[in-house]
Every structure is written in structure tokens, then in C-alpha cells.
Amino acid sequence: MSDLSKVAAPPLSISSNKVCFHGSWIAAAIALLALPYIFSSGGSLTTFSLIGISIIFSLSYNILLGQTGMLSFGHAVYYGLGGFAAIHGMNLIATFKLPVPLPLVPLIGGISGLFFAAIFGWVPTRRSRTAFAMISLGVAELVASSSLILRSFFGGEAGISANRTKLLPVFGWNFGPEVQIYYLVAFWTLLSAIAMYALTRTPFGRMCNAVRDNPERVQFVGYDPHVIRFLAFCFAGFFAGIAGALAAINFEIANAAYLGAAQSGVVLFATYIGGVGYFIGPIIGAIFVTYLSLALSDLTTVWQLYFGLFFIAVVMFAPGGITGLLMKHRPLVRAGTMFTVLRAYLVALVPTLTMIAGLILGIEIVVQHTINAGEDPHTKAFGVHFNAASPLIWLLATALVIGGFVVARAAWRWVAKAWDEALNTAREKGFHA
Amino acid sequence: VLELIVISTLNGVLYGMLLFLMASGLTVIFSMLGVLNFAHASFYMLGAFFGFEISRWFGFWPALLVSPLLAGLIGAAVERYGLRRVHKNGHVAELLYTFGLAFVIEVVVEIIWGKSPVDYRVPRLLDFPAFTIFSTNYPAFKMFMLLVSVAIFLALLIALKKTRVGLIVQAALTHPHMVGHLGHNVDRIFMMVFGVGTALAAVAGVIAGPALQTQSNMAELLGPILFVVVVVGGLGSLRGAFIASLLIGLVQTFAVSMNGSLASIFGPLGLGNTQPLLADIWNVTIAQIAPIIPYLLMVVILLFRPMGLFGTRES
Numbered sequence: 001m002s003d004l005s006k007v008a009a010p011p012l013s014i015s016s017n018k019v020c021f022h023g024s025w026i027a028a029a030i031a032l033l034a035l036p037y038i039f040s041s042g043g044s045l046t047t048f049s050l051i052g053i054s055i056i057f058s059l060s061y062n063i064l065l066g067q068t069g070m071l072s073f074g075h076a077v078y079y080g081l082g083g084f085a086a087i088h089g090m091n092l093i094a095t096f097k098l099p100v101p102l103p104l105v106p107l108i109g110g111i112s113g114l115f116f117a118a119i120f121g122w123v124p125t126r127r128s129r130t131a132f133a134m135i136s137l138g139v140a141e142l143v144a145s146s147s148l149i150l151r152s153f154f155g156g157e158a159g160i161s162a163n164r165t166k167l168l169p170v171f172g173w174n175f176g177p178e179v180q181i182y183y184l185v186a187f188w189t190l191l192s193a194i195a196m197y198a199l200t201r202t203p204f205g206r207m208c209n210a211v212r213d214n215p216e217r218v219q220f221v222g223y224d225p226h227v228i229r230f231l232a233f234c235f236a237g238f239f240a241g242i243a244g245a246l247a248a249i250n251f252e253i254a255n256a257a258y259l260g261a262a263q264s265g266v267v268l269f270a271t272y273i274g275g276v277g278y279f280i281g282p283i284i285g286a287i288f289v290t291y292l293s294l295a296l297s298d299l300t301t302v303w304q305l306y307f308g309l310f311f312i313a314v315v316m317f318a319p320g321g322i323t324g325l326l327m328k329h330r331p332l333v334r335a336g337t338m339f340t341v342l343r344a345y346l347v348a349l350v351p352t353l354t355m356i357a358g359l360i361l362g363i364e365i366v367v368q369h370t371i372n373a374g375e376d377p378h379t380k381a382f383g384v385h386f387n388a389a390s391p392l393i394w395l396l397a398t399a400l401v402i403g404g405f406v407v408a409r410a411a412w413r414w415v416a417k418a419w420d421e422a423l424n425t426a427r428e429k430g431f432h433a
Numbered sequence: 001v002l003e004l005i006v007i008s009t010l011n012g013v014l015y016g017m018l019l020f021l022m023a024s025g026l027t028v029i030f031s032m033l034g035v036l037n038f039a040h041a042s043f044y045m046l047g048a049f050f051g052f053e054i055s056r057w058f059g060f061w062p063a064l065l066v067s068p069l070l071a072g073l074i075g076a077a078v079e080r081y082g083l084r085r086v087h088k089n090g091h092v093a094e095l096l097y098t099f100g101l102a103f104v105i106e107v108v109v110e111i112i113w114g115k116s117p118v119d120y121r122v123p124r125l126l127d128f129p130a131f132t133i134f135s136t137n138y139p140a141f142k143m144f145m146l147l148v149s150v151a152i153f154l155a156l157l158i159a160l161k162k163t164r165v166g167l168i169v170q171a172a173l174t175h176p177h178m179v180g181h182l183g184h185n186v187d188r189i190f191m192m193v194f195g196v197g198t199a200l201a202a203v204a205g206v207i208a209g210p211a212l213q214t215q216s217n218m219a220e221l222l223g224p225i226l227f228v229v230v231v232v233g234g235l236g237s238l239r240g241a242f243i244a245s246l247l248i249g250l251v252q253t254f255a256v257s258m259n260g261s262l263a264s265i266f267g268p269l270g271l272g273n274t275q276p277l278l279a280d281i282w283n284v285t286i287a288q289i290a291p292i293i294p295y296l297l298m299v300v301i302l303l304f305r306p307m308g309l310f311g312t313r314e315s
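As they're listed, the protein sequences go chains X and G. As numbered in this note's numbering, residues 1 to 433 make up the first sequence, in order. As numbered in this note's numbering, residues 1 to 315 make up the second sequence, in order.
Just so you know, the hints here were simulated from the structure itself, not pulled from any lab data. Here the structure is a predicted model, which means the values were calculated and not measured. One or more hints might be untrue.
Below, simulated SDA-like cross-link-like pairs (lysine to any residue); rule was C-alpha separation at most 20 Å, straight line [claimed, not checked]:
no.	chain 1	residue 1	chain 2	residue 2
1	G	88	X	313
2	G	115	X	300
3	X	328	G	90
4	G	115	X	303
5	G	115	X	304
6	G	115	X	297
7	G	88	X	316
8	G	88	X	412
9	G	115	X	260
10	G	88	X	129
11	G	88	X	322
12	G	115	X	306
13	X	328	G	184
14	G	115	X	369
15	G	115	X	129
16	G	115	X	257
17	G	88	X	213
18	G	88	X	312
19	G	88	X	416
20	G	88	X	420
21	G	115	X	366
22	G	88	X	413
Covered, in the sense of this in silico footprint (three residues per stretch, anywhere, with C-beta under 8 Å from a C-beta of chain G), are these stretches of chain X [what the hints assert, rightly or not]:
no.	segment
23	229-238
24	293-306
Here are the simulated distance ranges between beta carbons [to be verified]:
no.	chain 1	residue 1	chain 2	residue 2	range
25	G	4	X	325	58 to 66 Å
26	G	165	X	157	45 to 53 Å
27	G	81	X	325	19 to 27 Å
28	X	406	G	58	52 to 60 Å
29	G	157	X	46	54 to 62 Å
30	G	128	X	291	52 to 60 Å
31	G	129	X	371	37 to 45 Å
32	X	46	G	188	47 to 55 Å
33	G	157	X	194	35 to 43 Å
The beta carbon of each residue, even a glycine, is placed where N, CA and C say it ideally should be.
This is chain X alone, in the form it adopts within the complex (with noise of 0.2 Å):
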């Protein structure tokens, strides 16, 4: 695990270094606050919210695979757990008229989720690495099918919704709209970003650190590992619990999908995708995927399909995830030898983008061919259109996918030269990863 992620939070340097660092937080608060303004229409503002949601519950994940170095595949529960407590106190709050407004509301689905957590927290965090991936399965199966039991709680299939707008107003806003819930999820992203960074600087989050990098030595110090992931998992459950919340004030609804092994995955894809290794890592990833499970979802009816398989070439090509990727090229620019490499990269991605096009086109075939079987072959996919039932297609794709394998293939060994020929160069001018 400590090859995935070794610079998690690097070390507080020199006071320029400062300056740029709360700048940085800062420009990001200008820019949510300006976003509405740039794009103003009702869906892009949904697609908003829907990524700031993401990007806490991706960024409480990796406070458990980046920062602690375990695996769960539950993470959802807490999320699930959440939005059910605060769709729940929404309609309490409503019918009570208690003096809470909504943007209280998400500290309700966090504090449960801080709750679940801590119940369902001990057993698993004994164990780390797969034995703990494996329970953390389990317990989610079990919270899942439970879901169905208690059907007072849960509401059953069709869940339990809740008026969003029946709460005290604040300052006038009553997140009927769409925009003022974009402010509202936008304010608790940036609150729990900083807090969960602010996490990482402190002595529990170097300790998470050394927990994920080696346990024995942790003991040594005279830490008991098994707390120290304990409480790493309580602290992932309070931020999950917060995106849950929002994402139940967003859609105004609580079902037992928040909790399943589906929205679980998704958030480790994202996760993962983005690169566990650094901070922004996890935003990143949780911008790509929301953002791309739109987009792909309009363009091809298997877009699980690709979704999944980029997933795969992600995890085989670049462990690191796309900050790990670009962050591998900082020594580069340093040294100023990026450039012969990213000349490789341009021919390279040539016959690489054949590869993929020809898959692509195979993976649509086959798709015509059974789930649209006996309907038109002429057919549309990512906006190209093709006549699937035409042996010529055949012939074309299985060309593209053979000549691009053969031609990327000598490409990215000569990638590789390039690459180590600059890296070597970039260390003798004293540039280090």
C-alpha cells in the first residue's frame, strides 16, 4: 500500500509557499461562488451539486484508502445512513416546527453517519487490508438487506421522501430553487474539504499515515493500530454521512440504492480513478466521474461497459490515477524536458486511439447484434453512424484493433525510452519526483 501513496500531505513549507496554499482555498470559494453566474442553466446546476456531493464523499473515502490504507467496499452505508437520518429529521423539523433551517440539516446525516460508523466500525478495523475489504462487504450487505426489513425506517422499495422547502427560511431562501441548493452544497464541499484537509495535518492524520505504511512500527511507538483505523473510519462515516444528507435535500428522497453495493463502487471508482496518492486526487476524480457517467450515458447504452474497462486500464496503467499520472511529470517541466517526451506522447496516441476506436466500434457491433437484435442495423453510437450488419464493418473494426494493438505497441516502448532519457536528465539537473 505505501507505493500507492506516499505524498499525501506533504510537509507545511516556507511562507511564499503559504501564501500560495490559502490562495488556493480561496480562489476555490470565489470560483463556487461564481460558477452560477457562468452557467446558469437549470441542469448544469443540478450537474453541480450532484459533483459537490460527490466530491465529499469521495474525498471521506479517501480519508480510509489514501490516508489509512484500507479497502472498504461499504462506504455507502454511511452515505445511505445519512440521507435516511436527515430525511427523517427534515420531516420531524417540518412537522414539529422546530427552529432549524436546512442548512443544519447535512450536520444531521453527518452526526449519523459518525454514529453508524462507530457501531458498525469496530469489528472490521480489527483486520486491515483484504480480510477488512471482505468485511466491510459483508457489513454493508448486511446494513442493505436490513434496509428492506425495517420498512418503517427505510420506507421499503420505494424509499421515504421529504419537503425540502417546508423548513425555516433563512435570509429570505427557502432552497426551493435549484441555485440556492447549489450555494448550500457548494458551502458544505468547501467546509468539509478544508476540514478533512485540516485532518491530514494533524497528528491523528499522520498516524492514519503510518497505520497505512506499516502497523508493526506504529505499535512500536506505543499506538494501537487498531484504534487509529477505528477512528479514521468514524471520521470517513461523519463526512459520508454529510454527503448523504445532501444528496437526500437534493433529490428530496431517501432509498435503499444510497446504501447498496452500486453507489459503494462508485465511489471507490471515483475515488480511485482520481488518485488516492494526493489531497485533490479524489475531487479530481469525483469531477471526471460524475461528470463522464452523464456525458457517456447520452452517447452509447453500455456505457458501464467502458466505464468499467477504463476503470481496469486505469488500475493496470496508471495506479496512481490521473493526479498520480500528471504528478509523475513535475521533475519533467521542472527540468524542462517534458517536451521530447510529449512529442512521444503525441505519436504514441495515434495508433492507441485507433486501438480504442476500433474496440469501441467491435463493443457497439455486438451490442446491435443482441440487446437491439432485429431492429435496423444502421445504427448511431458516440454521434458516428455505421451499418452493424455490413461484413465490411466487421473487417474495419477487427483491422483497427490488430494494426493499432501492433503499431502502439513499438510506439510506447519508444514512450519508454523517451521517458527514462528525460527522467535521467531531470535527475542529473538535481529535479527528484
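Since the structure of chain X is provided, determine the placement of chain G on it from the hints.
Below, chain G alone, put in the same frame as chain X:
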């Protein structure tokens, strides 16, 4: 009641043996490669669908032979071209690779065979009641399933304990480097073990497909239970996996056939509950909570034995 006990025991042992068919492959792969193959249940599903497709064209018996072979070949390819590559990226990457694979296999099966169950039938030769106990006909196919899984279990046991190959595999479990130094191709052993393990899962799929439902969510339904089995038994322990398989098979089968609830047991005492959440717990029958019993069992056992029943080392 006796009838219920006999039938449930038979079904429970059958279900447990099926679980062990898969758990054994999973355990051996885990001890050798250090990877818990998240896609193991997906190979079970592939086995069932291959079995369905082949038996449609050539009949059940060729399917029983060819389908595990196919699945085993795919498994070996996955190890050779996928896992071996990912290995250098660490354990998390390996587990996530198989996780992604499980996801992709499910989507592919959905694309090819659709989401609804396929019509995978018991072969005509075995479609008769084997015997009748207390007016219940016990189907011959279930006896056949039991026979196949017990036969494979015995064959596996003999192969591991008595043959030369088995000895090498056992040695490679604990001391892969030493086995390599002795001149054995450890990489190839790993690939073979992965292939055989996935083929065993596929056998389970071929014979379970007609009895249970052959559907694109069967991996998703069985996978978590399979992991519960290996965790409860103790990761990497074959004996533990065997006991846990039978335990969970029996417990779940018995739970399904029971109709009692807290209300029916304590109802006469007049402790009626009006609070809705408590009423839910009060009125739920044991049969209804059967799906969560394996997970409850896991939590309870891990509370007292964090390493599982026969687990020894922290892995």
C-alpha cells in the same frame, strides 16, 4: 418436523458443498497469489451461462466438460495478462483489478444474455425424483449435484495431498521462492492454479445453473456470501473454508424453512408492539431474515475470533 430436518439437511449440505467448490478455489488462489479474487463469483456465473449456451447446442454433458474448460482458460488468461501485470502495483491494485473485472463481466453478460433469467433446464436424463421421503420428492438432479461436488472435493483432496503436483502447489503456497530455486516455474504454477480455481467455480455454475436461477445478477448475489465463507473460515485456510461453507449452507437453508418470528414466540405473553420500527423487528420471520444471517454470523464470529475460525496469520 422430521421431514423438514432431513430435507433441509440435505439441501444445506448440497448448498454448502457448492459454496465449498468455489471457496476452495478462492482460498488456494488467495494463499498462493495473495489476491482475493473478487471476480470469483463472476466465473461461477460465466460457467452457468456457458453451460446454458453449450447445452442448447450440444446437450448438457458436453457443457459440463467444455464450460469449465472455457472459464478456466479465461481465468488463466486473466492471471497471465492482467494480474501478473498489476502485481507490481500492490495488493490494493490487484484487488481492485478483480473488482473491475467482476463489474465488466456482469455488464458483458447483461449485454449478451440480457437481464432476465435464461431458460437453463435440468437435463432430461436426470429429470426425475430420486427418492421420496415423507411424501416429498427429492429431485435426482440435486443428488447429482451433491455427487459431483463431493467427487470433486475428494479428487482435490487426493490431488493436493498425494500427487507430486499437489506437493509442489502446497510448497509454493508458503515458500514460492524456494520452489522457484528448485527449478519449478512458479509463474506457470500460479497461472495453472488460477485457471483450475476459476474452472472449479465454473463447474459449480454449470451444475447450479439449472437448479437455481441463471441470471446476470447471480454473481452479485453469491459473491458476498462467498467472501463471508472465506473470512469466517479464516483467510487462506482450506479446512476453515470447508467448515464455514457447510455451516453457512446449513444455517441458511434451515433459516429459509422456518417461519417463526419474535411475535409468534412471545406473542402469547401479550407484549404487542405499537411502535412501528419495533413492530418491524417483532413481526419479521426467520425466513425473511435468511439472506442476512450469513452476515450476522460473520460479525458474531469475528467478534470472538478476529482471524476467523481457522485463520492463523494476519494477511
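Hint-by-hint comparison with the structure:
At most 20 Å may separate the alpha-carbon atoms for a hinted pair to count; residue 88 of chain G and residue 313 of chain X meet this at roughly 15 Å. A hinted pair counts as satisfied when its Cα atoms are at most 20 Å apart, and residue 115 of chain G with residue 300 of chain X qualifies at roughly 18 Å. For the given pair, residue 328 of chain X sits about 18 Å from residue 90 of chain G by alpha-carbon distance, which is consistent with the 20 Å threshold. Straight-line distance between C-alpha atoms of residue 115 of chain G and residue 303 of chain X comes to about 16 Å, which keeps the hinted pair within the 20 Å bound.
Between residue 115 of chain G and residue 304 of chain X the CA atoms are separated by roughly 14 Å; this keeps the pair inside 20 Å, and the hint holds. Of the supplied pair hints, the one linking residue 115 of chain G and residue 297 of chain X holds, its CA atoms being roughly 18 Å apart against a limit of 20 Å. A C-alpha spacing of about 10 Å is found between residue 88 of chain G and residue 316 of chain X, which places the hinted pair at or below 20 Å, so the restraint holds. Restraint check: the Cα-Cα separation between residue 88 of chain G and residue 412 of chain X comes to about 19 Å, which is no more than 20 Å; the hinted pair holds.
The hinted pair formed by residue 115 of chain G and residue 260 of chain X meets the criterion: a straight-line CA distance of about 19 Å does not exceed 20 Å. Proximity of residue 88 of chain G to residue 129 of chain X is assessed by CA-CA distance (about 16 Å); at most 20 Å being required, the pair is judged to hold. With a C-alpha separation of about 18 Å, the suggested pairing of residue 88 of chain G with residue 322 of chain X holds against the 20 Å cut-off. A distance of roughly 18 Å separates the Cα atoms of residue 115 of chain G and residue 306 of chain X; the hinted pair therefore holds under the 20 Å criterion.
For the suggested pair residue 328 of chain X and residue 184 of chain G, the alpha carbons sit about 37 Å apart, so the restraint of at most 20 Å is broken. Distance restraint check for residue 115 of chain G and residue 369 of chain X: the Cα-Cα separation of roughly 16 Å lies within the 20 Å cut-off, and the hinted pair is therefore satisfied. With a CA separation close to 33 Å, the supplied pair residue 115 of chain G and residue 129 of chain X exceeds the 20 Å bound. Under the criterion of a C-alpha separation no larger than 20 Å, the hint pairing residue 115 of chain G with residue 257 of chain X is consistent with the structure, at around 18 Å.
With a C-alpha separation of about 16 Å, the suggested pair residue 88 of chain G and residue 213 of chain X falls inside the 20 Å cut-off, and the hint holds. For the hint pairing residue 88 of chain G with residue 312 of chain X, the CA-to-CA distance comes to about 15 Å; that is within 20 Å, so the pair holds. Taking the CA atoms of residue 88 of chain G and residue 416 of chain X, the gap is near 17 Å; set against the 20 Å cutoff, the hint holds. For the given pair, residue 88 of chain G sits about 19 Å from residue 420 of chain X by alpha-carbon distance, which is consistent with the 20 Å threshold.
Proximity of residue 115 of chain G to residue 366 of chain X is assessed by CA-CA distance (about 16 Å); at most 20 Å being required, the pair is judged to hold. Proposed proximity of residue 88 of chain G and residue 413 of chain X is supported: the alpha carbons are some 19 Å apart, at most 20 Å. Residue count for the segment 229-238 of chain X with a Cβ under 8 Å from a Cβ of chain G: 0. That is fewer than the three needed, and the coverage hint is violated. With a cut-off of 8 Å between beta carbons, the segment 293-306 of chain X has 3 residues touching chain G; three or more are needed, and the interface restraint holds.
At about 59 Å, the beta-carbon gap between residue 4 of chain G and residue 325 of chain X stays in the expected band of 58 to 66 Å. One distance hint, 45 to 53 Å for the beta-carbon pair residue 165 of chain G and residue 157 of chain X, holds here, with the actual separation near 51 Å. Hint check: residue 81 of chain G to residue 325 of chain X, Cβ distance near 22 Å, so the stated range 19 to 27 Å holds. About 36 Å separates the C-beta atoms of residue 406 of chain X and residue 58 of chain G, a value inconsistent with the hinted range of 52 to 60 Å.
Checking the proposed 54 to 62 Å range against residue 157 of chain G and residue 46 of chain X shows it holds: the Cβ atoms sit about 58 Å from each other. Restraint check, residue 128 of chain G to residue 291 of chain X: a C-beta distance of roughly 57 Å satisfies the suggested window 52 to 60 Å. Distance hint check for residue 129 of chain G and residue 371 of chain X: the Cβ-Cβ separation is about 39 Å, which falls inside the suggested range of 37 to 45 Å. At about 53 Å, the beta-carbon gap between residue 46 of chain X and residue 188 of chain G stays in the expected band of 47 to 55 Å.
Distance hint for residue 157 of chain G and residue 194 of chain X: a CB-CB separation of about 58 Å, inconsistent with the stated range 35 to 43 Å.
In this structure, the hints that do not hold are numbers 13, 15, 23, 28 and 33, in rising order.
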